[in-house]
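S.K.: The residues making up each chain are set out below.
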Amino acid sequence: MIVDAHIYLGTSLFGYGQSLQEISNNMEHLGISKAVLVPVKPRDYHMGPMNELVANAVRKHPDRFLGLCRVDPWQGEAAVVEVQKRFEEHGACGLYLDPWEENFQANDKITYPIIEEAKRYNKPVVLNAGHARVSHPTQIRDIASQYPAVQFVACNGGQINISGMLLFEARRMLDACPNIAIETAGTYREDFIEEVVTEVGEDRVLFASGNPVYDQKFEMTRIQFAHLTEAQKEKLWEANALRIFGV
Amino acid sequence: MAGKCAVCRSDEAMSSSFLIDELVTCTCSESRMIIDSHTHVDRFGWYDPPETIIRLMDEARVGKSVIMTYVDAPDVKGSLEYIAEAVQKYPNRLIGYARMNPRRGEEAQQLFRKAMEEYGFKGLKLHTAGCRCHPARQETIDLIRLATKYDAPVLFHCGDEEFTLPLQIAEAANACPDATVILGHCGGYFHTEDALRAAERYPNIILETSGMPYPRVIKEAVKRVGAGRVLYASDGPGCDPTIEVHKVKMAGLHGDDEEAIFYRNIKKILDNVAVRRT
Numbered sequence: 001m002i003v004d005a006h007i008y009l010g011t012s013l014f015g016y017g018q019s020l021q022e023i024s025n026n027m028e029h030l031g032i033s034k035a036v037l038v039p040v041k042p043r044d045y046h047m048g049p050m051n052e053l054v055a056n057a058v059r060k061h062p063d064r065f066l067g068l069c070r071v072d073p074w075q076g077e078a079a080v081v082e083v084q085k086r087f088e089e090h091g092a093c094g095l096y097l098d099p100w101e102e103n104f105q106a107n108d109k110i111t112y113p114i115i116e117e118a119k120r121y122n123k124p125v126v127l128n129a130g131h132a133r134v135s136h137p138t139q140i141r142d143i144a145s146q147y148p149a150v151q152f153v154a155c156n157g158g159q160i161n162i163s164g165m166l167l168f169e170a171r172r173m174l175d176a177c178p179n180i181a182i183e184t185a186g187t188y189r190e191d192f193i194e195e196v197v198t199e200v201g202e203d204r205v206l207f208a209s210g211n212p213v214y215d216q217k218f219e220m221t222r223i224q225f226a227h228l229t230e231a232q233k234e235k236l237w238e239a240n241a242l243r244i245f246g247v
Numbered sequence: 248m249a250g251k252c253a254v255c256r257s258d259e260a261m262s263s264s265f266l267i268d269e270l271v272t273c274t275c276s277e278s279r280m281i282i283d284s285h286t287h288v289d290r291f292g293w294y295d296p297p298e299t300i301i302r303l304m305d306e307a308r309v310g311k312s313v314i315m316t317y318v319d320a321p322d323v324k325g326s327l328e329y330i331a332e333a334v335q336k337y338p339n340r341l342i343g344y345a346r347m348n349p350r351r352g353e354e355a356q357q358l359f360r361k362a363m364e365e366y367g368f369k370g371l372k373l374h375t376a377g378c379r380c381h382p383a384r385q386e387t388i389d390l391i392r393l394a395t396k397y398d399a400p401v402l403f404h405c406g407d408e409e410f411t412l413p414l415q416i417a418e419a420a421n422a423c424p425d426a427t428v429i430l431g432h433c434g435g436y437f438h439t440e441d442a443l444r445a446a447e448r449y450p451n452i453i454l455e456t457s458g459m460p461y462p463r464v465i466k467e468a469v470k471r472v473g474a475g476r477v478l479y480a481s482d483g484p485g486c487d488p489t490i491e492v493h494k495v496k497m498a499g500l501h502g503d504d505e506e507a508i509f510y511r512n513i514k515k516i517l518d519n520v521a522v523r524r525t
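Just so you know, the sequences run in chain order A and B.
Note that this note's numbering gives residue 178 to position 178 of the first sequence, counting from 1, and the numbers run on in steps of one.
Count along the second sequence from 1, add 247, and you get the number used in this note's numbering.
One should not assume that every hint holds.
[As the list claims (entries may be wrong)] The list that follows gives simulated cross-link-like pairs (lysine-lysine, BS3-like), each with its CA atoms no further than 27 Å apart:
1. B/K466 to B/K514
2. B/K515 to B/K396
3. A/K41 to A/K233
4. B/K496 to A/K233
5. A/K217 to B/K470
6. A/K217 to B/K396
7. B/K336 to A/K217
8. A/K34 to A/K109
9. A/K119 to A/K109
Treat the hints as calculated values from the structure; they're not laboratory data.
Owing to the predicted nature of the structure, the values given are computational and were not obtained by experimental measurement.
Given these sequences and hints, build the entire structure.
M.R.: What follows is the structure, given as C-alpha cells:
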C-alpha cells in the first residue's frame, strides 16, 4: 500500500490548489491507497472553513483519507481553540504549521500554546521545513528539543537548498532529535534520503508528494528508484506514516 | 564500428553518427543517447570518485556525462587534475569542465587555459555562491570572456542564494553576448520564473534541468524559449540521474524536443568548443 503523507486540499491564496475529486483521480491513477490531506491557506485567510473541508473529506472517505488541522499561530487563543476542536470533535490526525506561508519562525514562542495542545492530545506536528529564516533546520531542531515527547515531521527533508548547504544541518537536526521524522517531498538529493534511512533510521522517513506544490508522480520516483531494500521502501511508502499518524 | 555498448554493456553494439567522439552504443538499447550536462566527481569535499557516477549513469542508461568538482581551482590544488584523470580513465563516458574561482584573477585564467589546452576540458563551471563572487563582477566577466574565446560553455550554479540568482547571472550574459551561459538548476526551488525571464531576455542563456523539482517548469521552458535552449542534467551522483531522466520525460514533450534536451543541444555546444591557444 502507498500512503501519501502530504497532499494539499483546496484553493490556495498563493495560486495552487486542487479539489477532492482531482486528488482522488490522481491517487487512483498512481496507485496511492491513502493520503493525509493538508488544508491550504485560502484567499480569505480563514483556516477554519478549510479545516472543515478536510474534515468532511475524511468523514466521507475514512478509509482513504486522514486530515491535518492547520492554524495560524498569530491568531493566538483562537488558534488554540481551533486545534482543540479539530482534535476533539473532528478526528484530525495531527497539526500542520506552515512558517513559510503564515510568516512566523518555527521556534517562536507564539507556537508554544499550539504545540502544547498537540502534546496534550498526543498528535504529531508537521512543519513546512527548510525555508530560510523561518524554518531552518536549526529552528526545527530548537522547537523539537523543547518538546521531546511530541513527534515532529519536517517537510522537504528538513532542508530546501539546491547548493546542498543545508544537508549537513538537516542531518545534525535528525541526529540531535529522535522525535523528528522527515517527508521526502521536494528533498534535495536522493542520496540524502538514502543516507537518512540507512544511517539515521528507516523509521524516520515518510513518502510524501506535497502535491500540487510538487509533482506527485515525480515525487514517487524518489522512493521507486532509491537504493534501498524493499523492506525499507515499504516503511517509507506506508508503515511510517501509519504509525506516526496513529492508524 | 562494433563492440561493447557503453550504455547497456551489450556486445551487440555499433557506433552512432550523432554521438560525440567514438562512443559505441547498442541498437537494442534505449533508442536514443542521453548526455548528462552536469554531474560531479570529487575527492576534496564530498567523496564521489568517477566510479560512482559511472554506476548511476549505467542505471539511467546515460551514455556520457559532463563532470566537475565541488571545489574551485586554484583554491584547491589538484582539482583540475583529478577531473582530467577521471576523463582519461573513462574517455568515452566523461567530459571535463573546469570549476574555477574568478576572484583568483590571472591565476585562475592561467589555470583555465591549461585545462582547456592541455587537459582537453570542454567548459567552465562557476559556483559563485561557493566562491562569493558576483556573476557580473569584472573578474567573473573576464573569465567568461576567456571561455568564450574557446567557444566553451559557462555553466553557472543558478539557485536561490545570493550571487547565484538568475537575474544576477543574466547581467553577466548581457555583458558577454557571445558567451553560452547555462543556468544550472534553472533557478532552483524559488527562482525558476526568474530563470525563464532571463532566458527570454537573453538569447545566449540556456536552461538546465538538474535538481529543481518541477517537471512543469521544463514544459514551460520549452514553450517559452524552445527546446533548443534546454539541457538535461542530473547534478548526480547526489541527485539520481535515473530520476532526473524521468523528470524530463514527465514534462510530456514531443519526441523531437526530448531528443534535443537529452543530447542534441549539448552535443552541438560541445562539438563547437575549439582547441586553440589564446
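S.K.: All the hints need checking, so say for each whether the structure fits it.
M.R.: Results for each hint:
1. B/K466 to B/K514: holds (21 Å)
2. B/K515 to B/K396: holds (17 Å)
3. A/K41 to A/K233: violated (32 Å)
4. B/K496 to A/K233: holds (24 Å)
5. A/K217 to B/K470: holds (21 Å)
6. A/K217 to B/K396: violated (43 Å)
7. B/K336 to A/K217: It is violated: about 37 Å lies between the C-alpha atoms, which goes past 27 Å.
8. A/K34 to A/K109: Violated, because 34 Å separates the two Cα atoms, which is more than 27 Å.
9. A/K119 to A/K109: holds (15 Å)
Taken one by one, the earlier hints fail for this structure at numbers 3, 6, 7 and 8, listed in ascending order.
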